Amino acid sequence: MGTPIKDVTLKPTAPKEVFFYKHVTYITSYSSKKDDYEYVMTEYLRMSGMYWGIAAMDLLGQLNRMNKQKIIEFTVSCQHECGGFGASIGHDPHLLYTLSAIQILAIYDALDSIDVDKVVEYVTGLQQEDGSFVGDKWGEVDTRFSFCAVATLSLLKRLDAVPDIEKAVQYVVSCMNFDGGFGVRPGSESHSGQIYCCVGFLSVTNNLHYVNADLLGWWLCERQLPSGGLNGRPEKLPDVCYSWWVLASLKIINRLHWIDSKKLTAFILACQDDETGGFADRPGDMVDPFHTLFGIAGLSLLGNHSDSIKPVNPVFCMPENILTRIGVAPQIL
Amino acid sequence: MAAQEIDADSGSEFDDDLALQFYRDRPEWNDIIPIPQDDGPNPVVRIAYSERFQDVFDYLRAVLKADERSERALDLTKDAVELNAANYTVWHYRRVLLQALKKDLREEMRYISEIIQDHPKNYQVWHHRRAIVEWLKDPSNELNFTESILEKDSKNYHAWSHRQWVLQTFKLWDGELDYVHKLLLEDLRNNSAWNQRYFVMSNTTGFSDESVVDREVKYAIEFIKKAPNNESSWSYLRGVLALRDISSFPGLMQTCQDMYSENVRSPFLLSFIIDIYEEQLESKTFPEDTLLKATQLCDVLIQVDAIRLKYWEYIKRSLTLRFGKQGEA
Ligand SMILES: [Zn+2]
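So the sequence lines, in the order shown, correspond to chains A and B. When you line the first sequence up against our numbering, it's residues 1 to 333, in that order. When you line the second sequence up against our numbering, it's residues 1 to 329, in that order.
Simulated from the structure, these hints should not be mistaken for laboratory data. The structure presented is a predicted model; accordingly, all values stated were derived computationally and were not measured. There's no promise every hint is true.
Each computed BS3-like pair below joins lysine-lysine, with the alpha-carbon atoms no more than 25 Å apart [said to hold, decoys possible]:
1) Lys137/A <-> Lys310/B
2) Lys236/A <-> Lys310/B
3) Lys182/B <-> Lys6/A
4) Lys236/A <-> Lys121/B
5) Lys121/B <-> Lys6/A
6) Lys137/A <-> Lys102/B
7) Lys310/B <-> Lys6/A
8) Lys310/B <-> Lys263/A
9) Lys262/A <-> Lys78/B
10) Lys182/B <-> Lys225/B
11) Lys182/B <-> Lys137/A
Some, not all, of what chain A presents toward chain B, calculated at C-beta under 8 Å [stated by the list, open to error]:
12) Thr9
13) Tyr37
14) His91
15) Asp92
16) Tyr108
17) Phe178
18) Asp179
19) Arg185
20) Gly187
21) Leu208
22) Tyr210
23) Asn212
24) Lys263
25) Asp274
Where is the CB? At the ideal position from N, CA and C, for every residue including glycine.
Based on the sequences and whatever the hints tell you, model everything.
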């Protein structure tokens with residue numbers, strides 16, 4: 001008591017509406033500014049960067065402004081012999097970028113342009129003896145990778161190919177903590193990003209009954225700070241990306257109404273840059289494509305901008321209509 | 001996917017002081033034809049970013065493509081890491097080179113320690129360190145090292161993960177509770193430290209022994225009294241008692257009621273008392289006004305924790321539905 005809460009304050013002049021066209025311009029110009037230091041610095045995650053931009057543009061109903069053919073060509077050219085995708089041409093294959101690549105191709109309805117069996121082989125080959133997944137051949141275990149694996153396979157309609165799905169489930173469940181949350185490995189501290197991955201995993205595999213929805217829901221809504229923004233862990237600052245992970249998790253376990261959506265909307269809107277477009281992690285910070293997608297997706301989940309933003313799927317962070325087209329319906333409580 | 005950047009710092013800072021010679025101007029590299037970055041879906045345009053960055057990565061692409069295993073390639077990965085420590089392909093390549101060239105791994109430990117000091121929130125650097133510890137089978141410096149990182153940021157998720165892996169793999173539990181205690185004295189709101197206490201307990205004594213549970217409940221209560229609004233200490237208390245009756249735990253209800261009468265209105269206190277009432281209601285041996293008292297606390301919470309009023313309304317509604325007389329719900 002008496003200790004100031006770690007939070008931000010929203011200025012009265014903070015943006016209160018969505019700068020729709022500025023965001024469209026921001027994303028289109030970001031992907032054409034090859035001479036930016038920032039752009040070059042992010043080559044190691046290019047595939048995900050493209051997914052952030054494409055998913056955001058599709059949610060805004062402006063996907064036609066992106067160069068579909070070139071994007072598909074690039075994506076396809078990042079696939080390796082083993083079936084996995086690298087972040088960019090010549091980069092090693094990794095599960096994170098494999099999911100991003102599949103998400104891009106799914107959005108463009110272009111999954112027939114790659115060897116799907118090879119992708120399935122790559123992803124399933126990453127499962128370990130204990131049910132966990134590693135991200136690549138170097139063997140880092142992380143619940144993010146459990147999610148990436150089943151999300152990728154689900155979009156390919158090949159979830160049945162997981163070598164041992166029951167063990168995969170038990171591994172994720174073993175990462176559940178006493179506060180209802182999940183961490184990166186068994187015993188690791190609960191963390192909103194990992195919770196999103198674990199809840200997403202359980203949703204994709206239809207196992208949400210393992211979640212203690214009331215306890216986890218309370219922990220998640222405790223993440224909301226007086227500014228309206230959500231943080232990722234206790235005593236951390238609010239952030240647009242954590243807001244998305246908390247919000248999406250709450251949506252999946254059907255507890256989204258437990259937070260103050262008006263206040264969260266105000267926080268997300270305040271993170272826009274009214275000159276350049278795009279969203280930052282917090283009001284006044286530099287915008288980037290990552291937080292821009294999560295700002296837009298967050299507003300979509302909150303449902304109060306449905307005239308300009310398409311409904312987003314909380315598990316895949318892609319427009320709902322794409323998942324309907326593919327025929328993928330992850331579990332929602 | 002959406003989680004690449006979970007708790008990672010974006011990129012790294014370019015160090016202008018590195019007035020090193022370009023690779024393209026070094027005679028020992030003139031057998032290599034550099035490979036420029038493939039710019040993906042859009043036509044290549046003028047590259048105006050740091051010339052040094054371009055130089056290093058063009059040569060890196062070339063040696064990667066040729067799969068060269070040489071000392072100069074190993075040096076080149078150092079330069080590449082300096083420019084962008086988050087590039088996972090560089091780290092992969094570096095490990096291949098370390099093995100192929102049978103390098104001194106102690107030297108590599110010193111190197112990665114420095115890099116982690118500069119990029120403590122980067123996934124790749126910690127993974128690299130773990131690989132080296134595994135190769136050396138020597139954890140002797142790991143606790144000290146993670147402590148030095150946690151000294152600067154006591155909630156660094158990567159440092160805690162690494163530390164947990166070391167403790168568990170090499171069974172180094174002995175001094176860990178003392179360390180956690182020290183951190184909690186410095187900052188009793190450190191959720192990572194509370195989690196670590198739970199981690200140590202569940203990996204050593206467990207929570208089945210009465211005396212252990214007694215001690216941990218007392219421990220949590222002591223910290224709760226210092227800061228009743230601290231989510232983490234309450235959370236730990238619930239964790240310790242997860243498999244027990246909280247309503248019959250000696251002295252617990254009294255402690256909570258004392259705090260309440262001292263005018264503490266922490267949502268965590270009120271919520272804990274509600275849970276005790278709920279347990280009493282489930283046991284069917286309770287004073288008649290138990291439900292009323294519980295719902296009255298919900299009303300207080302709706303006031304004092306208005307941002308979560310929907311949650312407290314839900315708690316109130318479900319208590320009433322489950323335990324209210326017919327018609328009351
Ligand atoms: Zn963020």
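Checked hints:
no.	hint	result
1	Lys137/A <-> Lys310/B	46 Å, violated
2	Lys236/A <-> Lys310/B	23 Å, holds
3	Lys182/B <-> Lys6/A	22 Å, holds
4	Lys236/A <-> Lys121/B	15 Å, holds
5	Lys121/B <-> Lys6/A	20 Å, holds
6	Lys137/A <-> Lys102/B	20 Å, holds
7	Lys310/B <-> Lys6/A	23 Å, holds
8	Lys310/B <-> Lys263/A	14 Å, holds
9	Lys262/A <-> Lys78/B	48 Å, violated
10	Lys182/B <-> Lys225/B	18 Å, holds
11	Lys182/B <-> Lys137/A	38 Å, violated
12	Thr9	15 Å, violated
13	Tyr37	4 Å, holds
14	His91	5 Å, holds
15	Asp92	5 Å, holds
16	Tyr108	12 Å, violated
17	Phe178	3 Å, holds
18	Asp179	5 Å, holds
19	Arg185	7 Å, holds
20	Gly187	4 Å, holds
21	Leu208	18 Å, violated
22	Tyr210	16 Å, violated
23	Asn212	10 Å, violated
24	Lys263	7 Å, holds
25	Asp274	22 Å, violated
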